[in-house]
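Build the full structure now, drawing on both the sequences and the hints.
There are 2 protein chains.
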Amino acid sequence: MYAKQLRPLALLLALLAMATLLPGCTTLRGTGDMGVVIERAAGSLQIIETSQRTALARVEGLGDLSHASVVYSRDERYAFIFGRDGGLSRVDILAGKVTHRIMQSGNSIGGAISQDGSLVAVSNYEPGGVRIFDAATLAPVAEIPAEYGGGLLSKVVGLVDAPGQRFVFSLFDAGEIWVADMRTPQTPVITKFRDIGRQPYDALLSPDGRYYIAGLFGEDGLAMLDLWHPERGVERILANYGRGEEKLPVYKMPHLEGWAMAGGYAFLPAVGRHEVLVVRLSDWQEAGRIAVHGQPVFVMARPDGRQVWVNFAHPRNDTVQVIDSESLQLINTLTPGRAVLHMEFTPRGEQVWISLRDENRIAIIDTESQRTVSTLQADKPSGIFFTSRAHQSGL
Amino acid sequence: MYAKQLRPLALLLALLAMATLLPGCTTLRGTGDMGVVIERAAGSLQIIETSQRTALARVEGLGDLSHASVVYSRDERYAFIFGRDGGLSRVDILAGKVTHRIMQSGNSIGGAISQDGSLVAVSNYEPGGVRIFDAATLAPVAEIPAEYGGGLLSKVVGLVDAPGQRFVFSLFDAGEIWVADMRTPQTPVITKFRDIGRQPYDALLSPDGRYYIAGLFGEDGLAMLDLWHPERGVERILANYGRGEEKLPVYKMPHLEGWAMAGGYAFLPAVGRHEVLVVRLSDWQEAGRIAVHGQPVFVMARPDGRQVWVNFAHPRNDTVQVIDSESLQLINTLTPGRAVLHMEFTPRGEQVWISLRDENRIAIIDTESQRTVSTLQADKPSGIFFTSRAHQSGL
Numbered sequence: 000m001y002a003k004q005l006r007p008l009a010l011l012l013a014l015l016a017m018a019t020l021l022p023g024c025t026t027l028r029g030t031g032d033m034g035v036v037i038e039r040a041a042g043s044l045q046i047i048e049t050s051q052r053t054a055l056a057r058v059e060g061l062g063d064l065s066h067a068s069v070v071y072s073r074d075e076r077y078a079f080i081f082g083r084d085g086g087l088s089r090v091d092i093l094a095g096k097v098t099h100r101i102m103q104s105g106n107s108i109g110g111a112i113s114q115d116g117s118l119v120a121v122s123n124y125e126p127g128g129v130r131i132f133d134a135a136t137l138a139p140v141a142e143i144p145a146e147y148g149g150g151l152l153s154k155v156v157g158l159v160d161a162p163g164q165r166f167v168f169s170l171f172d173a174g175e176i177w178v179a180d181m182r183t184p185q186t187p188v189i190t191k192f193r194d195i196g197r198q199p200y201d202a203l204l205s206p207d208g209r210y211y212i213a214g215l216f217g218e219d220g221l222a223m224l225d226l227w228h229p230e231r232g233v234e235r236i237l238a239n240y241g242r243g244e245e246k247l248p249v250y251k252m253p254h255l256e257g258w259a260m261a262g263g264y265a266f267l268p269a270v271g272r273h274e275v276l277v278v279r280l281s282d283w284q285e286a287g288r289i290a291v292h293g294q295p296v297f298v299m300a301r302p303d304g305r306q307v308w309v310n311f312a313h314p315r316n317d318t319v320q321v322i323d324s325e326s327l328q329l330i331n332t333l334t335p336g337r338a339v340l341h342m343e344f345t346p347r348g349e350q351v352w353i354s355l356r357d358e359n360r361i362a363i364i365d366t367e368s369q370r371t372v373s374t375l376q377a378d379k380p381s382g383i384f385f386t387s388r389a390h391q392s393g394l
Numbered sequence: 000m001y002a003k004q005l006r007p008l009a010l011l012l013a014l015l016a017m018a019t020l021l022p023g024c025t026t027l028r029g030t031g032d033m034g035v036v037i038e039r040a041a042g043s044l045q046i047i048e049t050s051q052r053t054a055l056a057r058v059e060g061l062g063d064l065s066h067a068s069v070v071y072s073r074d075e076r077y078a079f080i081f082g083r084d085g086g087l088s089r090v091d092i093l094a095g096k097v098t099h100r101i102m103q104s105g106n107s108i109g110g111a112i113s114q115d116g117s118l119v120a121v122s123n124y125e126p127g128g129v130r131i132f133d134a135a136t137l138a139p140v141a142e143i144p145a146e147y148g149g150g151l152l153s154k155v156v157g158l159v160d161a162p163g164q165r166f167v168f169s170l171f172d173a174g175e176i177w178v179a180d181m182r183t184p185q186t187p188v189i190t191k192f193r194d195i196g197r198q199p200y201d202a203l204l205s206p207d208g209r210y211y212i213a214g215l216f217g218e219d220g221l222a223m224l225d226l227w228h229p230e231r232g233v234e235r236i237l238a239n240y241g242r243g244e245e246k247l248p249v250y251k252m253p254h255l256e257g258w259a260m261a262g263g264y265a266f267l268p269a270v271g272r273h274e275v276l277v278v279r280l281s282d283w284q285e286a287g288r289i290a291v292h293g294q295p296v297f298v299m300a301r302p303d304g305r306q307v308w309v310n311f312a313h314p315r316n317d318t319v320q321v322i323d324s325e326s327l328q329l330i331n332t333l334t335p336g337r338a339v340l341h342m343e344f345t346p347r348g349e350q351v352w353i354s355l356r357d358e359n360r361i362a363i364i365d366t367e368s369q370r371t372v373s374t375l376q377a378d379k380p381s382g383i384f385f386t387s388r389a390h391q392s393g394l
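Protein chains in written order, with numbering that gives the first Met the number 0: chain A, 0 to 394; chain B, 0 to 394.
Heads up, some of the hints might be wrong.
[Claimed, not checked] Selected chain B positions facing chain A (in silico; Cβ < 8 angstroms): (1) G29; (2) S72; (3) D74; (4) R76; (5) G116; (6) G148; (7) G149; (8) G208; (9) W227; (10) E230; (11) E234; (12) G304; (13) R305; (14) P346; (15) G348; (16) S392.
[As the list claims (entries may be wrong)] Beta-carbon label-pair distances, calculated as ranges: (17) B/G60 x A/D357: 48 to 58 angstroms; (18) A/D133 x B/Q185: 45 to 55 angstroms; (19) A/T332 x B/D84: 51 to 61 angstroms; (20) B/D323 x A/E59: 43 to 53 angstroms; (21) B/Q328 x A/S326: 52 to 62 angstroms; (22) B/K96 x A/D357: 40 to 50 angstroms; (23) A/T332 x B/T374: 52 to 62 angstroms; (24) B/A135 x A/R370: 47 to 57 angstroms; (25) A/D133 x B/Q369: 25 to 35 angstroms.
Read the hints as simulated data drawn from the structure, not as lab findings.
Ideal Cβ positions, reconstructed from N, Cα and C, are used throughout, including at glycine.
Now the structure itself:
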């Protein structure tokens, strides 16, 4: 009698238990409002969403995530995590787990995903070069050793994807920029630009995918390649951009990805100075300087270009400033918390998420009122990456 | 004995059957590469994805979809379909079904979703005005009757969302542009701009969300509002833009959404002429005209701005032309099939999808080689809308 009564309940429990284990039974949801937050010290990441502003899951075991960066598959489901230790992880952000993980080199710095989403590339310090993997399986597809000077291998930096199924990157030790055409994936066609300047250390792609600009550690100025006209070669711009004659102490080389472009101007972090440089995009000449709180690290435009947000290097890294992109005036100074490491805007710009490493939290700020509207706990958060990056070249 | 053997199998079948019925057990997938294709005559839409280039599901019963348009929730899961008959449908593109549907007016033309994703607005001809709904439930939130001239109601056109949680729209009969600040949703704060020109018939928002530009049916020229400076009022630009003195027969008023902006220029469909107009964005002066195959309808920039694609009004609507945005030369003329109605680029620009109404199919074209790489069957397809629109203002 007891057994008979139990059976329907047991069956129901079994059904429910099994249903949650079946593939395809994780929570169904859109991925357009999702993202990940790097927890550097723990080697983990949090999966978050920006509609209710919640954390959805934590994924662990991702290795050394100092200076880690992230790109997304074109369906915004898979995050590719580039670790400092050469680890490359593919995380399913819907299921909240690692689907593939490889150690692809001994020491790497950043990566990119091809325009069509089929290839993931990683730039390596050791051994110097670029390795290219199938985005679905992380199986190796091609390798581009960064050879120069008769057999030496250069560290590779500033790797981005560009329209036309290309990857573009810089050779730190060789002073070169290479463009890899990946239309035949197994046999990349490489175009090399030599003598572009001493020690390119990072690079950015303009939002339209046209200009590749590398910062130089070994001298002042920047190296610019117009990808619409590679036949014109690499041009030097902003001859005074850099550490300059005085060789000021530089607490952190600013990120070039952080350049804002808005309203016909680029806003650049000055190197070693408490300034944001304003440069006319029409002729790449300096149009002004804005005095700011500290040495800028990221100088980022809100997606509509109306505001430019700036964070700063240690020891002045508890502050964020907001610049009006039209008047070029500072309009606000915020102190969201200790150790502001990164900022990420929602794609339509209504929120900005700011990682506060030493507070173990993320501040979520309304960009119009510039007030903190929510807070999320995170373990020493650094980079924040929203899925909308899937739709943009060069990020 | 037989019954005992059967039980495990029956249990398994029951489990599998139940699992597929449980909520959350539809196929798990990212939504960043999805979209919908309007099937106008049938009142249905197809849900598609651009990675494998397949149709995933058809959703029927959406009413009169002539001139229908679509916006997406910020998570890229829900499509809001604005029907010509006043129908507003909310479609779950993961589940492939309508979650909510209302008849919100007798006659409507287009809609928008607010910057934060919480509100959906519809512009109505009858009764003239804008109705605003909760994006999660389609429950009514606010109503803005388009009153003018002592109690008359104007048809409303050219409704877009803009940064700052605003909706902007034009009153066809009144010759006015209104800006609705929705920060307090139940009580919109309206700013009205009067005497902006006769019979605004459509409008666009510049990609950065700054300029709202309305086309005028009743006279030549365009009305432009700088949303960064509403205090400056509405300005008239391009005094010669329109049907002009000769009053050429106009087979179809071109869509203003179709304006391309690239490389410091806007590319505009001329009205009634076989020309694309080139306008300098710095001063809104005409910089040239490009002779094309017919009366242009959509003039759309590839996302990187390198190419501008143009389709044409009946009877020359079997052709698409490609313009080089830098040299301003025609670089290709394609004839993908009869009745080219719409074009949509994938967000990184490697593909363009073209609806061929009279061929009952979609042509998927590689934008670099400009060759058709796939074809999808569809029932008299018209508008194509990818989920990446969720991340952009004004679309």
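Verification of the hints:
1. A distance limit of 8 angstroms between C-beta atoms decides the matter here; for B/G29 the minimum to chain A is near 3 angstroms, and the interface restraint holds.
2. Satisfaction of the interface hint for B/S72 is found here, the shortest Cβ-Cβ separation to chain A being roughly 7 angstroms, below the 8 angstroms cut-off.
3. For B/D74, the shortest C-beta to C-beta distance to chain A is roughly 3 angstroms, which falls under 8 angstroms, so the interface hint holds.
4. Hint status for B/R76 relative to chain A: holds, with the closest Cβ pair at about 3 angstroms, below 8 angstroms.
5. Because the beta carbon of B/G116 sits about 7 angstroms from the nearest beta carbon in chain A, less than 8 angstroms, this interface hint is met.
6. Evaluation of the B/G148 hint against chain A yields a violated restraint, the C-beta minimum of about 34 angstroms exceeding 8 angstroms.
7. Taking 8 angstroms as the C-beta contact cut-off toward chain A, the hint placing B/G149 at the interface is violated, the least distance being around 36 angstroms.
8. A least Cβ separation of about 4 angstroms between B/G208 and chain A falls short of the 8 angstroms threshold, and the interface hint therefore holds.
9. Hint status for B/W227 relative to chain A: holds, with the closest Cβ pair at about 7 angstroms, below 8 angstroms.
10. Given hint, B/E230 at the interface with chain A, is violated; its Cβ is 14 angstroms from that chain's nearest Cβ, farther than 8 angstroms.
11. Taking 8 angstroms as the C-beta contact cut-off toward chain A, the hint placing B/E234 at the interface is violated, the least distance being around 17 angstroms.
12. Checking B/G304 against chain A: minimum C-beta separation of about 5 angstroms stays under 8 angstroms; hint holds.
13. Taking 8 angstroms as the C-beta contact cut-off toward chain A, the hint placing B/R305 at the interface holds, the least distance being around 7 angstroms.
14. Interface hint status for B/P346: upheld, as the beta-carbon distance to the closest one in chain A is roughly 4 angstroms, under 8 angstroms.
15. Hint status for B/G348: holds, given a least beta-carbon distance of 6 angstroms to chain A, under 8 angstroms.
16. Against a cut-off of 8 angstroms between C-beta atoms, the interface hint on B/S392 holds, since the closest Cβ of chain A lies about 6 angstroms away.
17. Distance hint check: the CB atoms of B/G60 and A/D357 are about 55 angstroms apart, consistent with the given range 48 to 58 angstroms.
18. At about 52 angstroms, the beta-carbon gap between A/D133 and B/Q185 stays in the expected band of 45 to 55 angstroms.
19. The hinted window of 51 to 61 angstroms between A/T332 and B/D84 holds, with their beta carbons roughly 52 angstroms apart.
20. Under the hint 43 to 53 angstroms, the C-beta atoms of B/D323 and A/E59, about 50 angstroms apart, fit the expected range.
21. Distance hint check for B/Q328 and A/S326: the Cβ-Cβ separation is about 39 angstroms, which falls outside the suggested range of 52 to 62 angstroms.
22. For B/K96 and A/D357, the Cβ-Cβ distance of about 47 angstroms falls inside the hinted range of 40 to 50 angstroms, so the restraint holds.
23. For the pair A/T332 and B/T374, the beta carbons lie near 56 angstroms from each other, so the given range of 52 to 62 angstroms is met.
24. At about 24 angstroms, the beta-carbon gap between B/A135 and A/R370 misses the expected band of 47 to 57 angstroms.
25. For A/D133 and B/Q369, the hinted distance range of 25 to 35 angstroms is satisfied, since their beta carbons lie about 27 angstroms from each other.
Checked against the numbered hints given earlier, this structure breaks hints 6, 7, 10, 11, 21 and 24; the rest are met.
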